[in-house]
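Asks: Residue numbers (the numbering used here), protein chains in the order written: chain F, 3 to 456; chain U, 771 to 1250.
Keep in mind the hints are simulated off the structure, nothing from the lab.
Just so you know, even glycine gets a beta-carbon here, dropped at the ideal spot from N, CA and C.
Keep in mind that a hint or two might mislead.
Some chain U residues flagged as far from chain F (calculated, every beta-carbon gap over 10 Å) [claimed, not checked]: (1) Glu-798; (2) Lys-831; (3) Arg-966; (4) Ala-984.
Cβ-Cβ distance ranges computed for the label pairs, FRET-style [claimed, not checked]: (5) U:Gly-971 / F:Gly-399: 38 to 44 Å; (6) F:Arg-212 / U:Glu-980: 33 to 39 Å; (7) F:Arg-212 / U:Leu-990: 43 to 49 Å; (8) F:Glu-370 / U:Glu-1039: 52 to 58 Å; (9) U:Gln-1033 / F:Pro-116: 53 to 59 Å; (10) U:Ala-1015 / F:Leu-328: 56 to 62 Å.
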Amino acid sequence: MTTRRNLFKLIAAGTAGLVGARAVGADPVGDPVAGRPQGGLPHYTPVRTLNGWTLPHRIVDGAKEFHLVAEEVDHEFAPRCRAKCWGYNGSTPGPTIEAVEGDRVRIYVTNRLPEHTNVHWHGVLLPPGMDGVGGVSQPNIAPGETYVYEFTLKQHGTHMYHPHADEMVQMANGMMGLFIIHPKDGEPERIDRDYALLLHNWALHPGTWRPDPSILQDFDLWTFNSKVFPAIDSMVAATGERVRVRVGNLSMWNHPIHMHGVQFHVTGGDGGRWPRSAWRTEATEIVGVGQTRDFEFTAVPGDWAFHCHMSHHTMNAMGHGIANPLGVDSSGVEERMRRLLPGYMAMGEGGMAEHQDHTDSGHMRGPENTLPMMMGKGPFGNIEMGGMFTLIKVRDGLARDDYSDPGWYAHPPGTVARRVSSDPAFGRPVRRNAAPAVDDAPPSEPAPHHHHGG
Amino acid sequence: MKRRHAGPLVAVLLAACASTPRERADDELARAIAARQGSTIATTAEERAARDADVAARLAKPIAIDDAVAIALARNPRVAAQLADLGIAQAELLEASRPSNPSLTLSALDSNRAGERTKLGISVVQSFADLVLLKSRTAVARGELDASVQHSANEVLASIADSARAWLAAAGAQQVAEMRALAAESAAVSADLAQRYHDAGNVPALFLAEHRAAAVEASLAADQAKLDALRTSHALAEAMGLDAAAQFALAAGLPLPVADEDQLDALLERAATRPDLAAARRRTEVLAGSLGVTRKFRWLGRFEVGIEGERETDGAELVGPSVAVELPLFHRNEAALARAEARVDRAEADALALETSIAHAVRAGHAAVAAAATRVARLRDELLPLREQVLARTQERVNFMLDDPFALLRAKREQVDAYQQYLEALRDYWLARVELAAAIGAALPSSARIGEERAAPPATEEPQEDHSHHHEHDGGEPTP
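When you get a sec, could you build the whole thing from the sequences and use the hints?
Replies: Next comes the structure, spelled out in structure tokens:
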């Protein structure tokens, strides 16, 4: 029986959910409808999913009720690169499910994909029948059907959700999401900014609009929350704030995630927060496939790069197996090529650094729907990055709920690397003597003839 | 001689002096040719002078297909040979239209008897059969001449077709040589670029060797194509009747196919009056007429009429007519009749065979032209644009360093190959039209609708702007 008061709460919850879904996420303490789930509700800083959103919930029969819809989504990796992907509730990754240790959650999953699916709650302790492994835990959810999962959260930590049916295809197309469980007793140390992101890889071949699930290693796009640089949100913080970055990896490769400017602590993962004695100070932490890791640090002013340290994961689509142009002098030949092919220009003789100038100029068009390998412009010039790269921007005095981009860091005088000479012969650097030549002479000289035997 | 016998003699003599009007067989040939196509042969001195000036003017600039045809008409020795052949037929007509000359026999016989005078004899004999058959013989010879005119017209049209074929072969070979040269340059650039990559230590010797081998192969093919172009150019000079030292240039570019091809009915109608068919039919007529005459006069053997005079040894003078007649004792000209009949049968069969083969040739030629036009259209409208797209999309990949320049040069070579296919198809289309024109023995009516547009060279992308200004080029705001 629904009383008028409960009805009012329900309506308000729905409205608040709709309004709050794309915003930071209301402080549950001030949320009149969150109620008081089991064991009270301590304060937590709602997680901020880069480029993403948190799924609103309703309280129904004492449980937080969520509704996921598995469906095809039209996704933009960055402006001028879109694809038909698969995700939840209109996005890839799907919306972040955020709850508190001790909550009872009820999650509806409607399948609007062309094939069956299910959802596995990665790292979550629950009854075996709620585990979401097709054939083992439950029948698969056929297209058009809705299933319900219900369990009580017995842990806290950074977790994920993803299909456990036709995973190669469904995950390659983008089906995954974050499941953040806050500790029931609150954070031992207050977290001022709590960011979360999922690592992923896509075989979106140049000139196509749909990821290719048959690719196992040679991917084209590497993403944070299904976005590539320069479209990845920056992580913003005020000087001195305690920042947590949660990283989950549902890609096909391990990623050494590197943060500039600070030594962060690795403080936990989907096992929850580790004891302090188990914390590690790192500048780079490998997040393996299937793992989550929490990084925490105190924000230091500046614009700091945050990226996977595999250099090809910070590039957008690149050629594989093409002839290497480094060091090739094509003078003379290039003119003859241009007579045959007026659009041709030799590139790469001195490396790739000039590439972004060419692609930015707009005169060297690439295949349709394909991002140039190197993108982004900073205050000092081209950033020449792509893929798994973003910036942590820390400024003095940023308001607590201000997540807007603060622009570029204003460097105090004398703290910027500066040029002292344009003469390559400047100074007297000490060099190590060159190593003696080996038997295989470089191709420009005839190889010395060795006579064996005798 | 008694005066009363002089009359017939004078009549005969006068008849002998009369001649048929001098026919201008070469004029008829010129008209016969003009009836089948636009231009024709020169027959008068003024026409020849004008024609020579025209030929010189045409040779002074690059020659197109109609230039080749015009020059062949003027200079090809086969054309002159046809005129000579006609001269022979014309001579035969002349011969046939005149009766044979009478014979005069004179004798002076001395007697061995004393007192007798020399016996003098004179006779003038004219073949009467000749006179009787004169009109028929003339008609037959006239028919033969008509047939020869048509036959010669056909030969001239055939040598025109040969010169058109030779021009197309030469123009086609020249364009193929250009395409092979372009492909060879592309392969050479590939090889030179591979050499630079190898010099930098970036590709193995195998890579270099493969590219250099491909360059040599392409270069050999280009040399072969140049040789073909040279050979066909000489063949064209020969077809046009130019001497070996003559210099000329070929006009670049073949015209595009006509918008509307000729209808089969119109072609068959035109083919029905093809000169050699007309000649065959005329010959059949002539032989049938000749058969009629042979039948009518089968009894007429040798028949001579004459006047004889004698002065006897005793001085007596005798004069009087004489007649010699062949007696049809052992034969009545059956052989001649049989021969005439057989000749008619043969001529009829030949004419029918020719008519049938012309009809087949026209139908087949019409279908061949349609097929050739379709092939040209499909290459131009389907294959070439797709090859350009392949090239443009490959260039995009190279722009983003997703592919290397070697892939681009491969795509370029494929485009050149496709373009060569197109040019060859265009040449084959015009060759099919020449065959069809030869089948109808006349210029195709649609030739009047050949447009000015020529096949364009292979499309390449828009030239990119100069890239050296990138530093000043602000691509946009710094990325936030």
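Asks: Look at each hint and say if it fits the structure.
Replies: Results for each hint:
Annotated as non-interface, U:Glu-798 keeps its C-beta farther than 10 Å from every C-beta of chain F; the closest such distance is 58 Å. The claim that U:Lys-831 is not at the interface with chain F holds, since no C-beta of that chain comes within 10 Å of its own (minimum 28 Å). With a closest Cβ-Cβ approach of about 5 Å to chain F, U:Arg-966 is found to fall inside the 10 Å limit, against its non-interface label. No Cβ of chain F comes within 10 Å of the Cβ of U:Ala-984; the nearest lies about 15 Å off, and the non-interface call holds.
In this structure the supplied range 38 to 44 Å is violated for U:Gly-971 paired with F:Gly-399, their Cβ-Cβ distance being about 55 Å. Taken as a hint, the range 33 to 39 Å holds for the pair F:Arg-212 and U:Glu-980, whose Cβ atoms sit roughly 35 Å apart. Evaluation of the 43 to 49 Å hint for F:Arg-212 and U:Leu-990 yields a pass: the beta carbon distance comes to about 45 Å. For F:Glu-370 and U:Glu-1039, the hinted distance range of 52 to 58 Å is satisfied, since their beta carbons lie about 55 Å from each other.
At about 55 Å, the CB distance of U:Gln-1033 to F:Pro-116 agrees with the hint of 53 to 59 Å. One distance hint, 56 to 62 Å for the beta-carbon pair U:Ala-1015 and F:Leu-328, holds here, with the actual separation near 57 Å.
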